[in-house]
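Colleague: Chains A and B, in that order, are what the protein sequence lines are.
Under the numbering used here, the first residue of the first sequence is numbered 1, with each subsequent residue one higher.
Under the numbering used here, the first residue of the second sequence is numbered 1, with each subsequent residue one higher.
Accuracy of the hints is not assured; some may be wrong.
Now the in silico label distances, taken between C-beta atoms and shown as ranges [as the list claims (entries may be wrong)]:
| hint | chain 1 | residue 1 | chain 2 | residue 2 | range |
| --- | --- | --- | --- | --- | --- |
| 1 | A | R15 | B | P395 | 41 to 49 Å |
| 2 | A | T320 | B | R474 | 29 to 37 Å |
| 3 | B | R443 | A | N357 | 30 to 38 Å |
| 4 | B | A90 | A | D343 | 27 to 35 Å |
| 5 | B | G169 | A | A188 | 55 to 63 Å |
| 6 | A | D171 | B | V212 | 42 to 50 Å |
| 7 | A | D375 | B | G289 | 35 to 43 Å |
| 8 | B | Q309 | A | G176 | 39 to 47 Å |
| 9 | B | T320 | A | L75 | 24 to 32 Å |
| 10 | B | E91 | A | G17 | 55 to 63 Å |
| 11 | B | A90 | A | G17 | 31 to 39 Å |
| 12 | A | N357 | B | R445 | 35 to 43 Å |
| 13 | A | R15 | B | R445 | 32 to 40 Å |
| 14 | B | P310 | A | D337 | 33 to 41 Å |
Take a look, some chain A residues computed to stay more than 12 Å from chain B by CB distance [as the list claims (entries may be wrong)]:
| hint | residue |
| --- | --- |
| 15 | I42 |
| 16 | D128 |
| 17 | V163 |
| 18 | P191 |
| 19 | P276 |
| 20 | Q280 |
| 21 | H285 |
| 22 | P442 |
Per the computed footprint, the stretches of chain B lying under chain A, defined by three or more beta-carbons under 8 Å from a beta-carbon of chain A, are [stated by the list, open to error]:
| hint | stretch |
| --- | --- |
| 23 | 211-224 |
| 24 | 379-390 |
| 25 | 444-451 |
| 26 | 496-505 |
| 27 | 537-546 |
Note that these hints are calculated values from the structure, not bench results.
All C-beta atoms, glycine included, are put in the ideal place defined by N, C-alpha and C.
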Amino acid sequence: MMLASDVSVADLPARIGDERVLTGPLDHDALATGTLSVAEMIAAGRHLFVARFTKADGAGRPAATAAEVPTRRQLGDTPAFHRTSGPDANACAGCHIQQGPGGSGDFAMNVFVAPQDMEWAFDSVAPDLSMERGTTAIHGAGLLELLAREMTRDLQAQRASAVAEARRTGDTVRVGLASKGVSFGSLAVDPDGFLDVSDLAGIHPDLIVKPFSQKAVTRSLRQFTVTAFNTHHGLQATERFGTRWTGGADFDKDGVADELGPGDVTAAVLFQAALPPPRQRLPDHPVLRAAVEEGERLFDLVGCTSCHVPALELESALFTEPGPYNPPGTLGTADTDAVVAVDLVALWPERVTRSANGKLLVQAYTDMKRHRIADADRPHFANELLTQNFVPRDQFRTAPLWGVGSTAPYGHRGDLTTLREAIQHHGGDATAVRQAYDALSPDDRAKIIEFLKSLKIEG
Amino acid sequence: MNNKKNRLISDINHFALFLAFHLYFAVAEAGEAPRFVLERVPMHAYEGGWEHFVGGGVAVFDCSGDGFPELYVSGGTAPASLLRNRSGVAEALDFVPLADTPLALKGVTGAYPLDVDDDGHMDLAVLRVGPDALFRGLGGCRFALANEAWAFDPGRAWTTAFSAMWEPGQRLPTLVFGHYVDRQRPGAPFGTCHDNALLRPIDGERRYGPRVALRPGYCALSMLFSDWDRDGTPDLRVSNDRQYYRGGQEQLWRVPPGLRPRAYTLADGWRPLKIWGMGIASHDLTGDGLPDYFLTSMADNKLQTLAPQPFGADRRPEFTDIAYTLGATVHRPYTDGAIRPSTAWHAEFADVNNDGRIDLFVAKGNVEGMVDFAQRDPNNLLIGQADGGFVEGAPTAGIVTFEKARGAAVADLNLDGMLDLVVVNRAAPMELWRNVGFGERDRPRRLGAWLMLHLHQPSPRSNRKGIGAWVEVRSGAHIWRREVTVGGGHAGGQAGWLHFGLGTAERVDVRVQWPDGQWGPWLRSFTNHFIQVRRGAERPRYWLPGA
Numbered sequence: 001m002m003l004a005s006d007v008s009v010a011d012l013p014a015r016i017g018d019e020r021v022l023t024g025p026l027d028h029d030a031l032a033t034g035t036l037s038v039a040e041m042i043a044a045g046r047h048l049f050v051a052r053f054t055k056a057d058g059a060g061r062p063a064a065t066a067a068e069v070p071t072r073r074q075l076g077d078t079p080a081f082h083r084t085s086g087p088d089a090n091a092c093a094g095c096h097i098q099q100g101p102g103g104s105g106d107f108a109m110n111v112f113v114a115p116q117d118m119e120w121a122f123d124s125v126a127p128d129l130s131m132e133r134g135t136t137a138i139h140g141a142g143l144l145e146l147l148a149r150e151m152t153r154d155l156q157a158q159r160a161s162a163v164a165e166a167r168r169t170g171d172t173v174r175v176g177l178a179s180k181g182v183s184f185g186s187l188a189v190d191p192d193g194f195l196d197v198s199d200l201a202g203i204h205p206d207l208i209v210k211p212f213s214q215k216a217v218t219r220s221l222r223q224f225t226v227t228a229f230n231t232h233h234g235l236q237a238t239e240r241f242g243t244r245w246t247g248g249a250d251f252d253k254d255g256v257a258d259e260l261g262p263g264d265v266t267a268a269v270l271f272q273a274a275l276p277p278p279r280q281r282l283p284d285h286p287v288l289r290a291a292v293e294e295g296e297r298l299f300d301l302v303g304c305t306s307c308h309v310p311a312l313e314l315e316s317a318l319f320t321e322p323g324p325y326n327p328p329g330t331l332g333t334a335d336t337d338a339v340v341a342v343d344l345v346a347l348w349p350e351r352v353t354r355s356a357n358g359k360l361l362v363q364a365y366t367d368m369k370r371h372r373i374a375d376a377d378r379p380h381f382a383n384e385l386l387t388q389n390f391v392p393r394d395q396f397r398t399a400p401l402w403g404v405g406s407t408a409p410y411g412h413r414g415d416l417t418t419l420r421e422a423i424q425h426h427g428g429d430a431t432a433v434r435q436a437y438d439a440l441s442p443d444d445r446a447k448i449i450e451f452l453k454s455l456k457i458e459g
Numbered sequence: 001m002n003n004k005k006n007r008l009i010s011d012i013n014h015f016a017l018f019l020a021f022h023l024y025f026a027v028a029e030a031g032e033a034p035r036f037v038l039e040r041v042p043m044h045a046y047e048g049g050w051e052h053f054v055g056g057g058v059a060v061f062d063c064s065g066d067g068f069p070e071l072y073v074s075g076g077t078a079p080a081s082l083l084r085n086r087s088g089v090a091e092a093l094d095f096v097p098l099a100d101t102p103l104a105l106k107g108v109t110g111a112y113p114l115d116v117d118d119d120g121h122m123d124l125a126v127l128r129v130g131p132d133a134l135f136r137g138l139g140g141c142r143f144a145l146a147n148e149a150w151a152f153d154p155g156r157a158w159t160t161a162f163s164a165m166w167e168p169g170q171r172l173p174t175l176v177f178g179h180y181v182d183r184q185r186p187g188a189p190f191g192t193c194h195d196n197a198l199l200r201p202i203d204g205e206r207r208y209g210p211r212v213a214l215r216p217g218y219c220a221l222s223m224l225f226s227d228w229d230r231d232g233t234p235d236l237r238v239s240n241d242r243q244y245y246r247g248g249q250e251q252l253w254r255v256p257p258g259l260r261p262r263a264y265t266l267a268d269g270w271r272p273l274k275i276w277g278m279g280i281a282s283h284d285l286t287g288d289g290l291p292d293y294f295l296t297s298m299a300d301n302k303l304q305t306l307a308p309q310p311f312g313a314d315r316r317p318e319f320t321d322i323a324y325t326l327g328a329t330v331h332r333p334y335t336d337g338a339i340r341p342s343t344a345w346h347a348e349f350a351d352v353n354n355d356g357r358i359d360l361f362v363a364k365g366n367v368e369g370m371v372d373f374a375q376r377d378p379n380n381l382l383i384g385q386a387d388g389g390f391v392e393g394a395p396t397a398g399i400v401t402f403e404k405a406r407g408a409a410v411a412d413l414n415l416d417g418m419l420d421l422v423v424v425n426r427a428a429p430m431e432l433w434r435n436v437g438f439g440e441r442d443r444p445r446r447l448g449a450w451l452m453l454h455l456h457q458p459s460p461r462s463n464r465k466g467i468g469a470w471v472e473v474r475s476g477a478h479i480w481r482r483e484v485t486v487g488g489g490h491a492g493g494q495a496g497w498l499h500f501g502l503g504t505a506e507r508v509d510v511r512v513q514w515p516d517g518q519w520g521p522w523l524r525s526f527t528n529h530f531i532q533v534r535r536g537a538e539r540p541r542y543w544l545p546g547a
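Chain A on its own, in the form it takes in the complex (with noise of 0.2 Å):
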């Protein structure tokens, strides 16, 4: 990708009406090799996060639907933009924007899954029919990738050896699944290599740790990145909708070849990846000082860091991209050894905290798993009727809060306008922590609404 804006002198005259806002891809093994600054690289990313994408660039999928596997629809008189089915913004930034380009997004800026996947007439925005979700902040991205990352390492060597000592002791072997502290629940494997899943917690029988969406479906901010790009723009990505997959270099039938390579992927990925991670922010008064202060003793006295932990371990901060774990159809080290890598430590160092054994804390109030969130008796949280990529309506992944304090409005609709009411709202696995927290006086409430007001996103 290059923008064009970034054309010579001698090229102006033939540019001269052109509205492209892109002139051609990057080449990813290029950018593995170090033909740019991992400052080029990441300001090339947010050119592409920020642009307005035009028809000439490939906009628009008149032939295909947002679904993530590349999928036909009916051609024909089909809107350029619709608001549930897609595309339904003409650059990332139109909705991740609230705390700058990569931020949260109003409730104005909602999506709507499931209609993604269907013809552009179905359109109900309905909860038995729709998913509706708010646009969250992808600050700190990187660091929560790369936690999953080593976490689905660490499930899956586990697995792995339960695997090879049922095979050699001839038993069932169960073995509990742990990284970071989080329990996974458990697995039982049978001496045939059968595997009881029953007992996981929190996980798919995949055992791949899944940081983005909420409900935790997304695998990396790469597969992410690809299926958005079809889904919000049209725009599609060749690791996907190209000829490989699909048998030719416009899958949908717009008119433009190739939309995006994966060296513009890998600029777009990174650029995420680098916003920095929140962080607290202290008020300067004593007063509320000592209020956030205390509120963080009582979130964590209540129970809320049960699930919402305050901070993971991570062995390396050393952002490579591709990962390990995407699925065929997003670019992986599984298809390429051209990797680039970016120290994201190096990016913000002002910003990294360890631990007394010198290991990079993630401070992000998450366990990077799904629970169960509501239920009968708050069943706010559960008001689709469907479920998304396999997980049930009522469980969601924990959300980080460490940008909470910038990212109103709640919810993974976005429809709740205070933290009170997100806090109330909780149910199912979190019942008795909601009652802890009911049960506190009023001004202790407060003090935990202090506390989470402090957790702020800066650009």
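With chain A held as given, fit chain B onto it using these hints.
Modeller: Just chain B, lined up with the frame of chain A:
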């Protein structure tokens, strides 16, 4: 006349729709073949004179219980070999011959694995020039001859084809043995094809009744029980070698449960077809839920799909050829500018690049000194394209050799989700090819997503492996279908993991229409996994190989 005209119009409309469907769904560009590397394998060749110009099959199945498939390779006048799989997951293929096995018979033309006695251990039907044999699997790759235990009459004919199915309520499968020339009859070999033989179990017992002749026989070289019309009862398709029959043709036998088999005739809609029938492969290519059939021959290979039927009427076995339309005639070698026709044997549909589009492997090789046919006749690996057609991919895959291939199998031998290839050659070493995806020998690169599954019907039902079932795998708007069969190919088949190539699908829904016609629920599964679908279960069982 009007009926004929209407049918012609209907046919044209059918193909117009078929082509339009595929042309609409993608612009045709060459799908890419994966790369295969030749692996070391114990020396084994299919040897012998005229009786072994045909045959040379290989059976692929797991006899050790570790999930990795073993190979049982026919040897003709040389002893057959049972090759134990010692490969690790995604590693180089490693097979060693097992000594002291009763399977090391001479005169073997081919073999098919199936669980005859439903005990969970794979058994083997061994086809021979002379008495056939049923071997009972005992576990640990140990076998015992079970002809007597199952009251199986092995006959003494020259056996070159086999298929099996389970009839309702029976405790053993119904077997059919296809025979070639009756060498004892006056005038042999021409016009002296042997009758084929059907063996049914005695009601409710684990013993077979007497052989029932399927007469006339037309020198069968491949047979397949397959439910071509999805009426719930498989019929028997027989591919016959016109080299030796007189007045013969391809055959389709109706085999109603418990009743005498009867060949479909012109009156039923069956259209006479004469080819040098060598092998059968089946797959639902057109997406209509019905199997289509590729028939190998000497140049005139066929790809048959069911002709359009009047709405609401019982389906009639009127098949029409779409090999040319789909670029699957493979009638002459693609190398050396060859113009002489080629000779095709084993055929098998499989998705070798996991792109979600089915591919087709065809084994090739001159019969033996037939000068009018190509002498250098390499195997085909037709790669399925987005437009529904096929393009030759063997050169890209790196599997071009010029031996006289006979039997073959496309199977995942190292459980990495990418299908490997074994080829049995006449009078030349067998070939073992490892699929390294888009990588190299020492650095495989993945292909698309995949799912490997097998079925399980718990007791007291018989037919625990679900022979005759249909499996559907769904991702988004696409459904892949597979019929679970025993038979077909050329003198060999496989039993084990059913492989689905799934492109970019990260997760799928799976359901099964069990052999009795009942549909199971849609079950959810992640791709790139091995699963067992157990009848009555609400979720699949995941499985992992040990190493």
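Colleague: Work down the list of hints and note, for each, if the structure agrees.
Modeller: So, going through the hints one by one against the coordinates:
1. Range check, R15/A to P395/B: about 43 Å between beta-carbon atoms, so the 41 to 49 Å window is met.
2. T320/A and R474/B have their C-beta atoms about 34 Å apart, which keeps the hinted 29 to 37 Å range intact.
3. A beta carbon spacing of about 36 Å between R443/B and N357/A agrees with the range 30 to 38 Å that was offered as a hint.
4. At about 31 Å, the beta-carbon gap between A90/B and D343/A stays in the expected band of 27 to 35 Å.
5. Here the CB-CB span from G169/B to A188/A is close to 36 Å, at odds with the stated 55 to 63 Å.
6. The supplied range of 42 to 50 Å is met by D171/A and V212/B, whose beta-carbon atoms lie about 48 Å from each other.
7. At roughly 42 Å, the beta carbons of D375/A and G289/B sit within the given window of 35 to 43 Å.
8. The hinted range of 39 to 47 Å is not satisfied by Q309/B and G176/A, whose Cβ atoms lie roughly 58 Å apart.
9. Taken as a hint, the range 24 to 32 Å holds for the pair T320/B and L75/A, whose Cβ atoms sit roughly 29 Å apart.
10. Our hint of 55 to 63 Å for E91/B and G17/A holds, since their Cβ atoms are close to 58 Å apart.
11. One distance hint, 31 to 39 Å for the beta-carbon pair A90/B and G17/A, is violated here, with the actual separation near 53 Å.
12. Checking the proposed 35 to 43 Å range against N357/A and R445/B shows it holds: the Cβ atoms sit about 38 Å from each other.
13. At roughly 39 Å, the beta carbons of R15/A and R445/B sit within the given window of 32 to 40 Å.
14. A hinted range of 33 to 41 Å is violated for the C-beta pair P310/B and D337/A, which are about 58 Å apart.
15. I42/A, annotated as away from the interface, keeps every beta carbon of chain B farther than 12 Å; the closest lies near 28 Å.
16. Annotated as non-interface, D128/A keeps its C-beta farther than 12 Å from every C-beta of chain B; the closest such distance is 19 Å.
17. Not every Cβ of chain B is farther than 12 Å from the Cβ of V163/A; the closest lies at roughly 5 Å, contradicting the non-interface assignment.
18. Not every CB of chain B lies more than 12 Å from the CB of P191/A, the least distance being 9 Å, so the non-interface label is violated.
19. In this structure P276/A is separated from chain B by more than 12 Å, as the shortest Cβ-Cβ distance comes to about 30 Å.
20. With a cut of 12 Å on Cβ distances, Q280/A stays outside the contact zone with chain B, its closest approach being about 36 Å.
21. Interface exclusion of H285/A from chain B stands, the closest Cβ pair being 50 Å apart, more than 12 Å.
22. Distance to chain B confirms P442/A as a non-interface residue, since its nearest Cβ pair spans about 45 Å, more than 12 Å.
23. Given as covered by chain A, the stretch 211-224 of chain B fails the check, having 0 residues with a CB less than 8 Å from a CB of that chain where 3 are the minimum.
24. Check result for the stretch 379-390 of chain B against chain A: holds, 3 residues qualifying (beta carbon to beta carbon below 8 Å, three or more required).
25. Beta-carbon proximity to chain A at under 8 Å applies to 5 residues in the stretch 444-451 of chain B; the threshold of 3 is reached and the given coverage holds.
26. Beta-carbon proximity to chain A at under 8 Å applies to 3 residues in the stretch 496-505 of chain B; the threshold of 3 is reached and the given coverage holds.
27. Only residues whose C-beta sits within less than 8 Å of a C-beta in chain A count toward coverage, and the stretch 537-546 of chain B has 6 of them, enough to reach three; the restraint holds.
The structure shown violates the earlier hints numbered 5, 8, 11, 14, 17, 18, 23.
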